[in-house]
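Trainee: Below, each chain spelled out in residue letters.
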Amino acid sequence: AQSVTQLDSQVPVFEEAPVELRCNYSSSVSVYLFWYVQYPNQGLQLLLKYLSGSTLVESINGFEAEFNKSQTSFHLRKPSVHISDTAEYFCAVSSSGNTPLVFGKGTRLSVIA
Amino acid sequence: EAGVAQSPRYKIIEKRQSVAFWCNPISGHATLYWYQQILGQGPKLLIQFQNNGVVDDSQLPKDRFSAERLKGVDSTLKIQPAKLEDSAVYLCASSLDIGHPGTQYFGPGTRLTVL
Chain A
-4 AQSVTQLDSQ VPVFEEAPVE LRCNYSSSVS VYLFWYVQYP NQGLQLLLKY LSGSTLVESI
56 NGFEAEFNKS QTSFHLRKPS VHISDTAEYF CAVSSSGNTP LVFGKGTRLS VIA
Chain B
130 EAGVAQSPRY KIIEKRQSVA FWCNPISGHA TLYWYQQILG QGPKLLIQFQ NNGVVDDSQL
190 PKDRFSAERL KGVDSTLKIQ PAKLEDSAVY LCASSLDIGH PGTQYFGPGT RLTVL
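Those sequence lines, one after another, are chains A and B. Anchor point for the first sequence: position 73 equals 68 in the numbering used here, and the numbering is continuous, going up by one each time. Anchor point for the second sequence: position 8 equals 137 in the numbering used here, and the numbering is continuous, going up by one each time.
Since the hints were derived computationally from the structure, they do not count as laboratory data. There's no promise every hint is true.
As the list claims (entries may be wrong) - Below are the DSSO-like pairs computed for lysine-lysine, each with C-alpha atoms no more than 30 Å apart in a straight line:
#1 A:K100 to B:K191
#2 B:K212 to A:K100
#3 A:K73 to B:K173
#4 A:K44 to B:K173
#5 B:K207 to A:K100
#6 A:K64 to B:K173
Turn these sequences into a full structure, and let the hints steer you where they fit.
Mentor: Okay, structure coming up:
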């Protein structure tokens, strides 16, 4: 069985400061890893994903995540956050193809002006 | 391209009543998922369809929940009778055929409140 642990339920950070949202997973097979973002009263949107190849993946809005197989981690980072980044962030894992996603409990990022 | 559509967006019912949610996936997406997201938790899979067949319903409480996707396109999820603990957001997602490493696209969700 797979599981995802997001170590921080809430992360407050000042605008233009860097942020890291932590994600660790557990799986006995190879995995695909995802970060989804959920803005208030909206559905989940894919932020970035790791399927294979380069372990560092980037999103179009400045977020990046690095797959670390030895540490079973997929932490999300951004060097300088904006107010508009305030949202709930979910890390998720799946084992292959279109198998269902297993989500962590989410991290609420609050960016303070 | 149109996204995943869900309706209604909000529903309030009393316990023991029944309720139904509707989902229309992205055109051409063969795989459809229903997830339940309880406040403060990540989404949890209820059921997965491939075209009009069930792939995984191991976490669906079958004594009260049912789902169908008769023509392999849109889908309905029903709860009968509802319990207080069913209060949650019900998310529908779709993706391309099995074999494509999965980007799942989510609808806006239906927020259910059971009183």
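Trainee: Evaluate each hint against the coordinates.
Mentor: Quick rundown of the hints versus the structure:
1. A:K100 to B:K191: holds, 24 Å
2. B:K212 to A:K100: Holds, at roughly 23 Å.
3. A:K73 to B:K173: The given pair, whose Cα atoms are some 27 Å apart, holds under the 30 Å limit.
4. A:K44 to B:K173: holds, 19 Å
5. B:K207 to A:K100: Holds, at roughly 25 Å.
6. A:K64 to B:K173: Cα-Cα ~24 Å, so holds.
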